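There are 2 protein chains.
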Amino acid sequence: MLQVNLSSSSARVEPFAESLAQAHTWLQEATGRGSDFVGWVNLPRDYDKAEYARIQAAARKIQSDSKALVVIGIGGSYLGARAVIELLESNNYNLRKKNTPNIYFAGNGLSGDAMQEIFDLIGDDDFSVNVISKSGTTTEPAVAFRFFKARLEEKYGKAGAAERIYATTDKARGALKSLANAEGYDSYVVPDNVGGRFSVLTAVGLLPIAVAGIDLDELMRGAADMMETCRRPGLESNPAWQYAAARNDLYGQGKKVEILAAYEPRARFFAEWWKQLYGESEGKEGKGLLPASVEFTADLHSMGQYIQQGERTMIETVIRFGKSASHLCVPHDDADGDGLNFLAGKDMDFIATQAMDGTLLAHVEGGVPNLIIHAGEINAYTCGELIYFFEYACGLSGYLLGVNPFDQPGVEAYKKNMFALLGKPGYEDMGAALRAKLGR
Amino acid sequence: MLQVNLSSSSARVEPFAESLAQAHTWLQEATGRGSDFVGWVNLPRDYDKAEYARIQAAARKIQSDSKALVVIGIGGSYLGARAVIELLESNNYNLRKKNTPNIYFAGNGLSGDAMQEIFDLIGDDDFSVNVISKSGTTTEPAVAFRFFKARLEEKYGKAGAAERIYATTDKARGALKSLANAEGYDSYVVPDNVGGRFSVLTAVGLLPIAVAGIDLDELMRGAADMMETCRRPGLESNPAWQYAAARNDLYGQGKKVEILAAYEPRARFFAEWWKQLYGESEGKEGKGLLPASVEFTADLHSMGQYIQQGERTMIETVIRFGKSASHLCVPHDDADGDGLNFLAGKDMDFIATQAMDGTLLAHVEGGVPNLIIHAGEINAYTCGELIYFFEYACGLSGYLLGVNPFDQPGVEAYKKNMFALLGKPGYEDMGAALRAKLGR
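Protein chains in written order, with this note's numbering: chain A, 4 to 443; chain B, 4 to 443.
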């Protein structure tokens with residue numbers, strides 16, 4: 004069971020008991036700010052079982068008829084699936100020999116070279132597309148979908164393409180839903196009451212995750228068990244209460260940056276998912292811990308210097324995973340030129356654990372409070388736990404901070420400017436004004 | 004030619020003219036703090052031409068006899084090569100069909116699963132190893148090298164393995180140099196006067212980069228041209244002076260975080276290299292901008308909210324690359340359900356440029372000063388320019404900040420603790436004290 008250890012921080016959590024109880028009620032009863040978007044709170048129990056079965060069937064079909072799946076989405080329609088697939092399979096998932104399709108993430112940017120590369124990597128292989136967009140009009144995924152839809156139709160004909168396009172979108176409205184209805188695409192729901200960054204356990208995340216061969220039942224079971232844990236009010240028994248309170252207390256003490264650290268390269272995109280979750284939920288009204296991430300021990304040799312001795316404004320949250328699947332023991336070497344024979348026969352987990360403890364002591368001594376999350380061995384169950392834990396703690400934490408954790412008003416600014424500069428109908432005046440500002 | 008544009012920031016650079024001139028002299032004449040480590044300043048002109056030829060010959064041999072190269076190194080012995088290979092080839096380099104070997108980076112962490120995965124990915128393929136370590140005793144690479152050396156010797160015998168091991172290390176001393184001499188490994192030099200984070204244009208970076216098929220001559224030519232540019236004193240003509248002054252001025256104005264942004268997914272590890280360069284050079288004595296990075300437009304849908312409306316303590320440095328190699332134009336769609344026909348026929352570069360400009364205006368309006376680096380089209384020449392530009396600006400910037408830009412005293416703290424906890428001979432007392440602190 005996931006546990007939070009605050010003993011290496013100076014965080015005082017008790018003063019938050021009352022406001023945590025309030026925030027907890029707001030989440031449980033959907034009565035706080037942004038309560039139209041707390042559908043994720045009971046999702047691991049109340050998810051649509053019929054759709055869940057359809058997702059698994061679709062995954063089997065894609066596994067049987069495709070060598071590649073192109074997942075088109077941006078932000079929450081991208082990071083959750085990639086985070087889970089990399090953590091549970093590998094950051095080298097596509098490189099591995101396996102009996103599941105390669106998975107390429109597209110439509111999360113505007114690089115032509117990156118899109119061309121996916122075309123090249125797919126080559127003549129059979130492929131399918133999962134396009135994920137609530138509205139169907141977000142520029143990046145919509146543009147990418149135009150390209151991949153055209154390629155599918157060229158390769159398989161219009162009817163054949165329609166059988167290879169899986170649309171995850173609004174249940175009733177919007178451009179993508181209309182298209183799915185018109186063309187007969189298999190379609191899945193982005194629920195109205197679940198924002199993008201909380202959507203990994205909906206069809207948004209689950210379909211690509213299932214295609215990668217991950218056990219959805221275990222993922223959901225871990226999330227459901229953590230949901231039960233997080234329903235219990237009280238600082239002693241609820242790890243989400245502990246984490247939410249600790250990070251708010253440290254923020255109140257003047258800390259400005261939270262660095263998420265893990266000692267596994269395949270946790271890199273899990274950290275990216277976490278950055279969106281916390282950055283987008285809390286970074287508003289001039290407030291919020293800035294979320295950053297590092298991969299240890301690699302980044303102890305890059306960001307380590309700064310963490311140890313730079314500006315003293317950061318806290319570090321370390322996810323500690325349990326035993327690894329491999330059991331590699333350091334080889335003995337007669338010459339012992341590197342002086343490492345004292346490690347011969349020791350396994351990598353033992354060495355990594357000493358590195359974790361040594362780093363903990365060094366960073367705390369250097370003035371960086373450490374919050375430790377013991378997450379257990381990496382598997383679908385513990386991944387489900389970890390996802391729900393971070394989500395619930397995020398909802399609480401945003402309320403403690405005094406913001407609406409479920410909106411993202413700042414994301415619109417660049418989009419509007421981009422539309423205007425792109426010449427989108429209706430934005431002509433704004434476009435002229437912006438071009439003047441840019442001096443062109 | 005690389006250009007810096009400061010017009011979207013409130014930075015005042017003129018007040019730094021005098022201290023820049025001083026810092027410039029310290030770098031050019033090797034008379035400032037840490038001057039034992041400014042060998043990189045003239046490296047693009049003064050590099051060892053004979054070794055450079057040996058590197059290219061070794062790369063050809065590896066390309067001819069190996070399907071994979073394992074590059075063992077951490078920090079500066081890892082990030083530079085990975086940054087350049089991903090930027091110039093692809094972040095999917097290994098996935099691509101190509102006539103150069105796959106390149107796996109090992110020894111940059113302590114994950115047993117990550118190491119086991121490399122064994123699995125190599126399988127029965129022929130492979131070689133480039134082990135990069137000044138001392139030969141840094142734990143992570145030394146441990147990894149024990150594993151890969153054992154595997155090579157098992158597969159090819161001791162003599163056969165020796166022909167597939169390339170050691171980049173001290174020119175005369177240390178465990179790895181001794182071993183290379185004893186076993187007859189081909190060996191290359193980590194110069195005494197070039198620190199790890201400045202070493203990408205030495206054998207440390209160049210051998211793996213050459214194996215990936217990148218044109219070293221162009222890379223070095225770009226660096227050499229930028230070296231000439233950076234030798235010119237004066238704020239008008241020297242982009243490194245401009246960038247160093249701007250970031251120090253903004254730091255003085257109270258900014259605490261610098262986010263490096265690029266609109267290309269393959270620049271992700273270039274940003275990681277940059278983070279080490281600046282974080283390790285400046286993050287000391289309780290000072291320094293915290294370096295962070297984002298990949299746009301993807302992260303506009305994750306970190307974008309925070310950047311737009313979170314704590315107002317950040318600046319953004321944007322690398323703008325020129326035209327992409329692909330020329331993809333948005334397909335027309337008769338139904339126009341997504342309303343994007345106003346973009347039909349436009350190429351991706353055009354759309355990306357409007358996104359860059361729209362984001363620039365939005366972020367500046369939101370209170371985030373933007374420094375823009377126009378880097379030209381992505382190729383080996385411009386990559387060489389960009390590397391040298393960031394290095395030279397970093398040396399200047401550290402001097403402006405008042406620190407020694409060339410040491411990294413804080414990196415030792417975790418290492419010593421780790422040695423003590425691992426039971427390294429000589430650290431027994433410290434180990435007992437640390438275990439007591441940990442309560443075990």
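Since the hints were derived computationally from the structure, they do not count as laboratory data. One should not assume that every hint holds.
[Stated by the list, open to error] Within a straight-line C-alpha distance of at most 20 angstroms, the following computed PhoX-like cross-link-like pairs (lysine-lysine) qualify:
no., chain 1, residue 1, chain 2, residue 2
1, A, Lys418, A, Lys440
2, B, Lys100, B, Lys52
3, A, Lys70, B, Lys100
4, A, Lys427, B, Lys349
5, B, Lys290, A, Lys259
6, B, Lys259, A, Lys100
7, B, Lys259, B, Lys290
Quick caveat, the model's predicted, so the values are computed rather than measured.
Of all the hints given earlier, name the ones this structure violates by number, lowest first. Of the numbered hints, 2 and 6 do not hold.
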